[in-house]
Amino acid sequence: MVAEAYKEQLLAELELARSRTLALIESLPAEKLDVPYHPGVNPPLWEMGHSAFFYEVFVFNLLDGTPSYDSSMDDLWDSFHVEHKDRWRHDLFPGREATLTYFRTIYDRVAQRIQSKPLTDDELYLYRYAIFHQNMHIESLIWCRQTVGYPAPPDLRGDRPSPGEPLAGDVDVPAGRWRIGMPGESEAFAREDFAFDNEKPGFEIELEAFTISRTLVTNAEFQAFVEADGYKRPELWSFGGRKWLATEQDVALVHGHDEPLMREPRHPLYWRWQNGQWQERLFDQWQPLNPDAPVTHVTYWEAEAFCAWAGRRLPTETEWEVAALANRPGEAFRRYPWGNEAPDVSTADMDGRSMAQNPVWDYPAGDSPFGCRQMVGTVWEWTSNQFLPYDGFKVDMYPFMSTLQFATHKVTKGGSCATSSNLIRGTYRQAYFPFRNDVYTGFRTCAV
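Each residue of the sequence shown is one higher than the one before, counting from 1 in full-length UniProt numbering.
Among the hints, a few may not be true.
Calculated lysine-lysine pairs in the BS3-like style (CA-CA distance at most 27 Å, straight line) [said to hold, decoys possible]:
hint, residue 1, residue 2
1, K243, K85
2, K394, K200
3, K243, K232
No lab work stands behind these hints: they were computed from the structure.
Computed from a predicted model, the values in this text were never measured in an experiment.
Modelling step: build the complete structure from the supplied sequences, incorporating the hints.
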């Protein structure tokens, strides 16, 4: 059995996921819950029902054999059974109040089960899995608002909780042997350090010395690329990048249309040139482009082309993790760039608070051992690697967390401004198609 303290932790994380999800749904008027169709988002009510269904499958069906709340809805809440476009069909799904009732009922049952039953290691793992899955959908609810141009989420503060001084240049990372991924498979370690299957098993690797930027690429730096006609110079773009330029569909919806409209990329997705200045859309508001904030909502192809223009390159996944964590064999394992304390407002832009609007030199308390800043939070950072399993990979109890993305997606690291802070760690691997720019992606660079 697992100590009672883990129950308290689970209940706190469950309540946080519940309250944040409800805030994101209930802060929108009913008519805005019916979002226009877009391939990168889901209807908010479907996100809510799907997350409750996930708890049903992983907790009640799997552990107790309990029947579903409404078995007739199981295939509709299951992302592997319902077609994406069908999630917008009003004739298939319950309305707002019925979905809220389902969501609240399942959460109450989960909380009651945690409180009333002894907790095993397997149950601790499954509860965490379901809670972290819910946190992933909190992030997608936030980027849905950005995609369709809805008002900002309720957690947005618009402040600078941890200002820093201007910072530029590179850091040198020496050659050596480093630890990558999550170490250990012992019960004690598993209780303290949840990890998804794609982070395991940890391993050691020899790396050559490399040089990586202290900060993320800024809007000002990317603006220089745009104004140098970077989007019009095919020699800067790889084959995949040129294909994306030729076929890109705008993921910024135009209201009144059922489908995204074609656009010819000439700048990042949510930029525009108006009244003699560059502007950026933040949810439903256009504002002057902040030159010191990180460039956000860029594809892998855009990051790659910028590097070609600047005479730089993207870091590999292992280089990024070494620069962030500096974990060496035989030394204490570091979960975050700054140590092992969970992220807070002094170390990282997360939890929908500042939405990547602060300068890239803010959050100095979150620096890595090598002096890299904002390597957790702010933006998911593109790396040059395809998303592949580590040697010795074993699939989790939920078999689709990673396997459907292997080989077709790129690895991003570090979490974003919309990521839940209890979800992230330096070993976390997120996988996105290289054409995704509706999510909170950015990058830093390495010397060639």
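Consistency of the hints with the structure:
no. : hint        : in the structure
1   : K243 / K85  : 25 Å, holds
2   : K394 / K200 : 8 Å, holds
3   : K243 / K232 : 13 Å, holds
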